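Trainee: Could you put the whole structure together from the sequences, leaning on the hints where they help?
Just so you know, the sequences run in chain order A and B.
Here the numbering used here is used: the first residue of the first sequence is 581, the next is one more, and so on.
Here the numbering used here is used: the first residue of the second sequence is 581, the next is one more, and so on.
Read the hints as simulated data drawn from the structure, not as lab findings.
Owing to the predicted nature of the structure, the values given are computational and were not obtained by experimental measurement.
Hints are supplied without guarantee of correctness; some may be wrong.
Identical chains share a label here; the pair holds if one copy fits it or two copies do between them.
Said to hold, decoys possible - With a straight-line Cα cutoff of 25 Å, these simulated DSS-like cross-link-like pairs (lysine-lysine) come out: (1) Lys943 to Lys876; (2) Lys874 to Lys615; (3) Lys939 to Lys806; (4) Lys876 to Lys660.
Protein chains: 2
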Amino acid sequence: MAVDTSGARRSSFETAHGKVECPAFMPVGTRASVKACTPAQVAETGAEVVLANTYHLAFEGRRELVRRAGGLHRMMAWDKTILTDSGGFQVFSLPGKEVTKDGVWLPVLYDEEDGKKKKGERMFLSPEESMAIQRDLGADIVMAFDQCVEYPASRRDLELGVDRTTDWAAKCLGSKLDQHQFLFGIVQGGTENDLRTKSATEVTSMDFPGYAIGGVSVGEGLDLLKKIVAHTAPLLPEDAPRYLMGVGLPEDIVESVERGIDMFDCVIPTRYARFGTLFTRKGKIRISDKKYRKDKYPVDTACACYTCRNFSRMYLRHLHYAKEPLFETLATIHNLHFYQDLMRGIRESIEKGRFAEFKASVKTF
Amino acid sequence: MAVDTSGARRSSFETAHGKVECPAFMPVGTRASVKACTPAQVAETGAEVVLANTYHLAFEGRRELVRRAGGLHRMMAWDKTILTDSGGFQVFSLPGKEVTKDGVWLPVLYDEEDGKKKKGERMFLSPEESMAIQRDLGADIVMAFDQCVEYPASRRDLELGVDRTTDWAAKCLGSKLDQHQFLFGIVQGGTENDLRTKSATEVTSMDFPGYAIGGVSVGEGLDLLKKIVAHTAPLLPEDAPRYLMGVGLPEDIVESVERGIDMFDCVIPTRYARFGTLFTRKGKIRISDKKYRKDKYPVDTACACYTCRNFSRMYLRHLHYAKEPLFETLATIHNLHFYQDLMRGIRESIEKGRFAEFKASVKTF
Numbered sequence: 581m582a583v584d585t586s587g588a589r590r591s592s593f594e595t596a597h598g599k600v601e602c603p604a605f606m607p608v609g610t611r612a613s614v615k616a617c618t619p620a621q622v623a624e625t626g627a628e629v630v631l632a633n634t635y636h637l638a639f640e641g642r643r644e645l646v647r648r649a650g651g652l653h654r655m656m657a658w659d660k661t662i663l664t665d666s667g668g669f670q671v672f673s674l675p676g677k678e679v680t681k682d683g684v685w686l687p688v689l690y691d692e693e694d695g696k697k698k699k700g701e702r703m704f705l706s707p708e709e710s711m712a713i714q715r716d717l718g719a720d721i722v723m724a725f726d727q728c729v730e731y732p733a734s735r736r737d738l739e740l741g742v743d744r745t746t747d748w749a750a751k752c753l754g755s756k757l758d759q760h761q762f763l764f765g766i767v768q769g770g771t772e773n774d775l776r777t778k779s780a781t782e783v784t785s786m787d788f789p790g791y792a793i794g795g796v797s798v799g800e801g802l803d804l805l806k807k808i809v810a811h812t813a814p815l816l817p818e819d820a821p822r823y824l825m826g827v828g829l830p831e832d833i834v835e836s837v838e839r840g841i842d843m844f845d846c847v848i849p850t851r852y853a854r855f856g857t858l859f860t861r862k863g864k865i866r867i868s869d870k871k872y873r874k875d876k877y878p879v880d881t882a883c884a885c886y887t888c889r890n891f892s893r894m895y896l897r898h899l900h901y902a903k904e905p906l907f908e909t910l911a912t913i914h915n916l917h918f919y920q921d922l923m924r925g926i927r928e929s930i931e932k933g934r935f936a937e938f939k940a941s942v943k944t945f
Numbered sequence: 581m582a583v584d585t586s587g588a589r590r591s592s593f594e595t596a597h598g599k600v601e602c603p604a605f606m607p608v609g610t611r612a613s614v615k616a617c618t619p620a621q622v623a624e625t626g627a628e629v630v631l632a633n634t635y636h637l638a639f640e641g642r643r644e645l646v647r648r649a650g651g652l653h654r655m656m657a658w659d660k661t662i663l664t665d666s667g668g669f670q671v672f673s674l675p676g677k678e679v680t681k682d683g684v685w686l687p688v689l690y691d692e693e694d695g696k697k698k699k700g701e702r703m704f705l706s707p708e709e710s711m712a713i714q715r716d717l718g719a720d721i722v723m724a725f726d727q728c729v730e731y732p733a734s735r736r737d738l739e740l741g742v743d744r745t746t747d748w749a750a751k752c753l754g755s756k757l758d759q760h761q762f763l764f765g766i767v768q769g770g771t772e773n774d775l776r777t778k779s780a781t782e783v784t785s786m787d788f789p790g791y792a793i794g795g796v797s798v799g800e801g802l803d804l805l806k807k808i809v810a811h812t813a814p815l816l817p818e819d820a821p822r823y824l825m826g827v828g829l830p831e832d833i834v835e836s837v838e839r840g841i842d843m844f845d846c847v848i849p850t851r852y853a854r855f856g857t858l859f860t861r862k863g864k865i866r867i868s869d870k871k872y873r874k875d876k877y878p879v880d881t882a883c884a885c886y887t888c889r890n891f892s893r894m895y896l897r898h899l900h901y902a903k904e905p906l907f908e909t910l911a912t913i914h915n916l917h918f919y920q921d922l923m924r925g926i927r928e929s930i931e932k933g934r935f936a937e938f939k940a941s942v943k944t945f
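Mentor: Have a look at this one:
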């Protein structure tokens, strides 16, 4: 592992499904599909890990489906590394949840497979249940079931969240996983340094093979994010991967890499793409903008993705207005490639001891 | 060119963008995109021609767009053959049109690029205008502007349609196209043998490099289609490609190949795919059917497409229910590949003099 003078780390780790070069960005495939892309297209961008969501794959039919399919890798036809989140983020994001000391009642927001709405139905997610589901899903990296608290939160709620996260982490560690699965611990504590310290101390004492900083990307903004990461990352073991959950924009990523983070995931590149916002080295562009109406250039002239090698901005704008499904695919390929280019740039600059310079070249989006 | 004893023809022709092996099926890319597929994915199915629509690409902004992009090939990144229809089918399909001796007033059904609805606006499509637009689009094969009449139609309407189609064909032939563009004549006449004969005689006297049978696929059904093709195909020159417009299901295709047709186009494989109907050698399947809930097999075990090589029916069913955009892509790839397999089977069987045997093996969908 190379550590830049800035604190940026150039590392890698290996799972049963290959080597992961870090710092790494993991595209999100919530329901076992990175939206609008084939796994071949995702792999072509250079991604080495994709993420899937326990909550969205937990409903009766889907969990059984993945199990019968022989796990997520075979079902999705993704033969590289997969990480599954634990459902802990939904404890923050879903309305109408109910947290108890043993776990969380979550609303079932989606229709069952057979198309019958089951309104008002709830599911109970606990550390044990989350582990059992994630074992069935078969991801290489499995996240502990934690309590992600909203921002802003009272001191009391943050304390409760930290205590539950520690308690649940121990239960997760006691649950049976497959031999190839690595369980990562998660540190909570919101914006309070002493609670982050408490959480990190308790969770790292359990000796997980990797750690995540959770409870971020909940609306705290870049300044607080930087503060949280700067305080928490150094509390984590040097020799284990550090994953900042749900982050973020390119500027969030470089700031966090500088503070010692190795892994990221976020829906931003894929979601922005579907709504017509594309990343370029000169800033982001809205493809619907009139100025691209006659623009024969690719989205980003410095980009080597399939989209930029073959299509013009004006064609993409046409597809966007015509609501052609191909727009979502081409836009997603580009944004994912842009993110992987960012990570490649980060890794190379750390290797050359020039991360600060590279960081300064990254636009704010 | 090989002609099977049945009347089936094994031929090929060449355009500025490559050789086209016939009988050929041409996927439809109405607005300069085969829905939900990249051109690379379409090419991988074996398609050698795609079709785009003059009407849908004629609105102010779009026509200028394609022209500026350097034509459809460059804009769509499709370097094989492209065929554009003339807008004649919209004379049949669009509500509120008004046909005059010089051309057709068509409603502009879609929003302009800038998003402003222009309700009630009309565009005038004439032989001259259709040729001018198709010249800008730059397809290798350009269709004459014809009057496609609905089914059933009065004898008087069919007669008028034939006369206009002949008159307009001459005007198309007198219009300037690019050197690489082939203009195909279209035979009309509905279900009336004598009118088909009249139309074929008049249109073939103008010496086009290829001919289409139009005015089919308008609800007449397979029995009448067979009758029309059996009567009309022999009236066309032996040495020019014969294109049956808008057809069809696999059984329609093999019946028409047997009667001497070389080229087909239809939205069926792509449209069926998006709505969850998939073609297999054993018949079509509705992926939403409960029986595929736990089905680990590919859509068609005999299919070598990307979808069948990598994904199970139960995963596709999951994507369909979850409304994942990937479903449309994977389903379309499969159906297009199925159609190309059908055409490959047809071509090989004609070469071996065993077309009748092959035809008997094709399911009715």
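Trainee: Confirm or reject each hint.
Mentor: Results of checking the hints against the structure:
1. Lys943 to Lys876: For Lys943 and Lys876, only the intra-copy Cα distance (23 Å) is at most 25 Å; the inter-copy one is 46 Å.
2. Lys874 to Lys615: between (28 Å within a copy, 23 Å between copies)
3. Lys939 to Lys806: within (14 Å within a copy, 68 Å between copies)
4. Lys876 to Lys660: between (36 Å within a copy, 21 Å between copies)
The earlier numbered hints are all upheld by this structure, with none contradicted.
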